[in-house]
Every structure is written in structure tokens, then in C-alpha cells.
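Undergrad: Protein chains in written order, with my numbering: chain A, 1 to 655; chain B, 1 to 263.
Hints may contain errors.
[What the hints assert, rightly or not] For lysine-lysine, the following DSBU-like pairs were computed, each having C-alpha atoms within a straight-line distance of at most 35 Å:
1. Lys64/A / Lys403/A
2. Lys196/B / Lys34/A
3. Lys26/B / Lys34/A
4. Lys304/A / Lys196/B
5. Lys155/B / Lys196/B
6. Lys473/A / Lys433/A
7. Lys139/A / Lys64/A
8. Lys500/A / Lys580/A
9. Lys433/A / Lys139/A
10. Lys139/A / Lys403/A
11. Lys34/A / Lys115/B
12. Lys639/A / Lys603/A
13. Lys304/A / Lys155/B
14. Lys34/A / Lys155/B
[Claimed, not checked] Covered stretches of chain A, as calculated for chain B (at least 3 residues, CB under 8 Å):
15. 148 to 160
16. 265 to 279
Think of the hints as simulated: they come from the structure by calculation, not from any bench. As the structure is a prediction and not an experimental result, all values here were calculated from the model. Don't be surprised by glycine CBs; every beta carbon is placed ideally from N, CA and C.
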Amino acid sequence: MAENLSGLDTCDTFPKLLLHHARVRPEHPAIREKDLGIWQTWSWHRFADEVRSLACGLAAQDFKRGDHLAIVGDNRPRIYAAMCAAQCLGGIPVPLYQDAVAAEMAFPIQNAAITHAVAEDQEQVDKLLEILPQCPSLKRIYYDEPRGLRHYAQPQLMSCDELLEIGRESYRRDPAFLETEIAKGAGADTAAMFFTSGTTGVAKGVVLTHLSLIDRARAAAEMEGLNDADVVLAYLPPAWIGQNIFSYAQPFVTGYCICCPESPETVMSDMREIGPTYYFAPPRVLEALLTQVSIRMEDASALKRSLYRHFMEIARRVGGAILDGKSVGTADRLLYRLGDALVYGPLRNVLGMSRVRVAYTAGEAIGPDLFRFYRSIGINLKQLYGSTETCVFVCVQPNGQVKADTVGPAVKGVELSFTPERELLIRSPGLFKEYYKNPQATAESKDAQGWFHTGDAGYFDADGHLKIIDRVKDVGKLADGSLFAPKYLENKLKFFPYIKEAVAFGHGRDRVCAFINMDMEAVGNWAEKRSLPYAGYVDLASRDEVYDLVRDCIERVNADLAAEPEIAGSQIHRFLILHKELDADDGELTRTRKVRRLHVGEKYAELVAALYEGRPVVHVEAQVRYEDGRTGSISADLKIRDAKTFPPAAARKAA
Amino acid sequence: MNDRAHRIGDVILAVDRVSLAFGGVKALSDVSFDVREHEVRAIIGPNGAGKSSMLNVINGVYHPQQGTIRYLGREYHDMDPHEVAESGIARTFQSLALFKGMSVLDNIMSGRNLKMRSNILLQALRIGPALREEIEHREVVERIIDFLEIQAYRKTPVGRLPYGLQKRVDLARALAMEPRVLLLDEPMSGMNMEEKQDMCRFILDVNDQFGTTVVLIEHDMSVVMDISDRVVVLDYGKKIGDGSPDEVRANQAVVDAYLGVSH
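All chains should be modelled from the sequences, with the hints used to inform the complete structure.
TA: Laid out in C-alpha cells, this is it:
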């Protein structure tokens, strides 16, 4: 291992890393894909062969140093080989989201004046052909899967097989060409360009160099002890920086094997077959998996259900601590081991996580219960923080120091700092070079000292772990000047099943108050179990029992907040339960179901005023728009209740 | 579409003056039409027009009282469905006829039955030539599974699948015979818009990739007009129209009988 690594260190670009692996571990699996029901393996040697032929083919097709290669497709060996082929020639792969509509692909192609593209199949080819009139620069489209394309007559089209043949032919004529091209590459060259999704404006091309990608991939691999025996399932879009790091940069750094699922629908069973050791999933995927488990448990026999309940209780109590290597009583340890044999082990197996050593989640806040569930059954799930601009690895929770609500301390090589407005600043060898052709945006987010302005607000907790609370522009201040992060509070509230949405107010005021939207399904079920009769949404929402239920949730959040001195002032003093669900049709949510806080505050100004005036009840009459377009009105008397708050110091003692 | 016209070959199947009656009920009277190699040929008509009967006649389930059917230049009489299938004509059913308790994979494998040569004992023991044969058949089946994008359901019992997918499995089983002519009886009935679009794509892809000649019965006019090269229209057992979708659309008799009188 040691001599391999020493050779690795001199490789400053991905193509050089590829040649290194092809030399050092030629027969070791590099990439697998399930095809016709059988896992097909490419060794590093085979992978390098494929890349060489593709690269020589591209060169013969007039793809030059500095050119951009658009790559559109799901995870497939060819897609990754194409990325490397472009890099061999000093070109820049630009992976695009395979589920983007044609119009969204036009901007990156125009922006980078892309001349060559690799598309997975007919679907992607159709999209590229559709935008061809707006993208005159696009001269060549290579497709991997020929199905349905036999009768396409466009002169731009060529199959990857044909391209490979051209490549092999030109390699036979001039075998030294590619080695020379690869040797010309340097770490400071651009390795890839990723277009940010553009939820906050126009899409921007993030330019990343070989050095930055390799540095971050290596730092995290060393931290987690990744090596060539690891296995990863590549199932998220290759155009997303995270998947690219896990299935391109890190395997190139460590030599591990990535596996491409047979189809998007087979990911679950493919994962069970492969048994990845290193795994990434955004919270929504983890949530969906847990839901599946819960549903299947409800259908199980009474014996299995009671076993599951019993041992999950033990896991919740001691599972996390055992995983963290903390001291746990012998009796509990034995019980946990028994549970591992009967419940947790089989459960991990069903989830395809039996061999997982390291699992990450990121992207959005994860519910503490969800997070603890996976840890309690022995899966080393951890959180990380990063973005496209920072090559993902900024903060990672180290083994044994995992918390549900932080993202861990900085990874080796990263410096963190905060502006007075609490905006997080990052300096790291993994920082992007620039936004492509957008010096203004580059200057706005990267200052002269090399700090990257993330736009995220946060702070360090007592152990030096980074805690991200909100976007900086949404963070406010209470009247006494203390921090107010509405989204942070709302997320904490929304993790309770009974609360569907929450809207917190407090900017410029002396204390925090909140609107609560109950979750009709969860609260309805809860009411049914307690034989609580109700006439409908409005009636249920105004029940004292429901108010008590919600108050309980809020007080638990308050107790949590009291333990964090930075944000203890944001405890919720008063709340009301809204008489209707917040709805995008009424302009209260965005189409992606995010609360439009300002708009809600204005629309229900009367309610907000009542919260702060201390009135016990407020009458509301509101217009609602039904789905068929008609409008009607709902009127109700909303109760307002107080919630208990906790003095910061006392709570800290208790915690 | 020029390219398509290019590929369409000679007449592969010709129905000549076929009449079929059940007692006093005339299901088909004096129907003639032909099907060319590699084309997509639709049979349309109102309920009870005799469309399914027509397929059943081609398929060998019914034997017409009058008229002949020529397939690959040879006239055939009184062939039973088994022989018709062996000669390369496969079909799917309007009301699915899958083995509900068996997995998707086994259902499709059953479509290879006609192609299995080794004896039943060897097959049961999976030894010697039978094993080799099974591996070959499995490969064909896997290609079809890949083609119809049902990889996720290989091991699922067919009865547990939603209707649209069952239809796809039915098509897969028919394809497993590697037919020259594929008869599809309402392949899109009971499907939602998205499933219909998928099915259209699969039918066109089958036709394109394997060169399979397709004869289909369908109710959804937009589908028929979109994917077929030529259309036969039946009404009360008689042929009232025949030609390209545009010609059929312009045919007054067809408009009156089937599409309804336009206002």
C-alpha cells in the first residue's frame, strides 16, 4: 500500500491517476454495471483502455485542449470514461443533469460554446437535437445506447462504438500521442465544470481544477481510511458534484470500485447485491427507506412486531453510544448484541447496508430521529457540509463525534471564519477557480484574501463543530440584538410528525412567536386513536387537546434552544395553530413548498399583531382558492397560547 | 418517414375474402387485406366489428368458413394456434393471459417454450445440453427485459404488478418467441396517458430494432394514427376502409361509422 501511495502523490491530474491505477492494479475492478441481469466488471486496465480509445477518437474528431465536452446521462461506465477522455486531452467535461428539460441544457452549452457532447441514449439525444438551433456551436453528439437511433440522419450524430473504433485506429497510427497529451496536463488546469442548479438565479458554471478536486477527495479519503477495497454504488446524478466526488474523484484517488445500477428502479436491490462500504444519501432517500421499513414492519406477524419494537427501544437507548465507542453497561451491551443478531443485522441487510463503514448525508437538515435511527442500528451515518464551489468536503463529522444537529469540524486543510453578520467564510485548497465567464459573480463570492462567501449563516458549538442555521439573507435579529434564525426554528418544529409547516416571527421584535400548521394526517390519526371527535380541519386545529400536543412540541424545541447560548433568545413564547393549510395556490408557499415568510406575515398581519399584543383569541376571515379555481372564505376564532421558555443557564445544567 | 417507407417490404401476410360465422351470426364477411413485412398495420372499428375475430382467424383459433390466408406465400388451412406460433406469428391478449403466480422472468421464459429442444427430463434436472440451452434462452429473455425496461420486476410475481406493467410482460412473452409477425390485441386498453406513450414507444422500437411486423387492434384513435403505417377499418364484420391514416381519416364511410359524424 505504502509504495502505491508514494507513486500516487506525484499524480496531479485525473488521467495520470488513471494510468497509475492501470499500472499498479490492472486487474482490480474499477467500475461495474449490471447489464442483462449480470454484473459486468471493468478492471482499471480495461477502464484505461476505454478512456484511451475515446480520447484518441475525440482528438481525431477535432476536440482540442481547452474545449468543453458536455456529458448527459445516468451513471454508466462510458459516462465516466468520457469525462476522463476529455481530461486526457486537456479538455473540460461539463456533466449536465440527465433529467433536465432541453431548454435548461441550452444555457450551459451556449455559455461554454460547447462543440462536442456525449449523450447516454435516445432521450438525451432528442433533447440535444431540440436545442441544436439555439446552440450552433454544437457540432458532434456521441451516443452510448443506440436503441431507437438507427434511423436518425442528423450529421452531428455518431455512436460511441464508432468513436471508439476511430480512436483505436488513430492509436494504432500514433501510440505516443496520448501519453504526450496526458503529460502536458498540470494540476492547476481546469478539471471539470459543474453548473449550479440556479435556484437562486441564473445557473453559473463552477470551474474546478484537478488540484482542488484531488486535494479534497484525498483529504476525506485519508480521514475515513478509504482504500481500494471499498465499494460505492453510483446512483445519484453524475452532474451533481457529490456523486462526482464519490464516483470519480475518490475512486481515482484511492482505486476503489464504483457500481452503476441496472436502472433507476432497481437501486434498492442492486444495493443489496453489491453491499457498498461507502455510501451517500440525502435525507429524503433515508426517510423513504425508513418509511418502507416501517410499512413492512406493520405487515409483519405480531411476534416480529413486538421483537422489533422491543429491540429498537434498546437501540435507541444505547445504539448510538455503542457506535461512538462510549461506555455502556454490560447488560445493555449484551442486549444490544442479541438485538444485532435478531433485528439490526437483518435490517441492515435488507437496506443493503451490511457492509457500510462510512455513510454520509447532507444537502438539507436531517431530522434527529431519522438520523439516530440509522446510527442506532449500527450504521455509521455522518453529516458533512460542502458545496460545488468547495469540492464538497468542508466539514465532516469524525467517527465518535457525531451529533444530529451539527456538520462537524473543518476537514484538514480548511479554514473557517465568520463575518459579523455570521456568514460562513471558507478558505480551502478545494475552492473553485472561478465562475465561468462571470467575473462579477466570482468577485462577489470570493474576496481578495481568498475567502469564499457561502451565503450560509452559522456558528461553532461548544465542541467546535460547525452548525449551519439558515441562509444569511434570512437571518434576523431580535430587538435586543441577539440572533434570530427563523428557518432553523421552523426546521426543528417540522421534524415533529404533527407539525407540517411553521412560520416563525421575531426580526426586530422583543421575542419570537410562531404560526403552526398541523399535519392533518398525523394529527387526525392521533385524534382517532384517542377517540377525539372532530368535524374537520378547522375544528381539529382549534381543539385544546391539539394545542396541548403542539405546545409540547414547542416546549421541547425551546428546551433544545436553551442549551445553545448563541440562539437561546429565539425560544418561542406564543403560538397559534392556523385554520388552513398553507398552500402554494394561495401564494403562501413556493412551488417547491418553501414558506414565503414575508408574504405570510403580511397576509396575516392581524394574527401576527394579536400574537404580540397578548390577546388570547383572534378572529380571522380568509379567502381561500380551491383547486378548481373558485374562491371561498373560511372564518374562525383562533386561540393563542403561551409556551414555556427556559432560562439558558438552567437548561445547560440539565443537559 | 421516407426512411420507414424504404424498409417496408413485400406482402408477408394476406387475408383473402375471409368469412366467419358462429351459427347465424356473421362475425366477418368477405374481408380482404394484406400486411407487408416490417410495417405497423392497425385494425380498427367499433365494438363488435370483428377485430378480435380477425386476429383469432390469423392466429388459428378460429377457422374461417370461406376465404384463405397466405403467410410467406403459403396458403394455410386449419392450422391450430400451436402451428401458427411455430411458423413465427406471436400474439398478446386483450384480457391478459399471463401466469399470475409466476415471476415476470418465468412468464417470459415460457415464451421460449417452443424453442426448447432438449427433452423434458434433462430440462427438469438442468444438466448437460439442457443447462446450456437454458443459458442461451435466458440471454434472449434478458435482452427483452432490458428492452422493455422491466429489470426491476424480474422476480416479482406477475399478479402483483400494476396493469400497465402486466401488459408489458405480455408483450415481452410474445417477443420471446422472436416472431416475424406480432399480433397485438388492444395493447393499450386500460392504460393511462403515460403508460400509453411508453407502450407506443415500445411497439415502434420493436418494429424498428427487430424488424418485427406488427398487426394491432386499438381503440385509441390518436395512438393508431400516430404509430401505424396503414389502417384497416371494420364495421359489422365488413371492411369499410383501408389505407394510410390520412386516407382513412378522410374516408367518409369511416368517419360516419366509427369516428362519428362531425359537426
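Undergrad: Output the indices of the hints that this structure fails to meet, ascending.
TA: As far as the earlier hints go, 1, 3, 4, 10 are violated by this structure, in ascending order.
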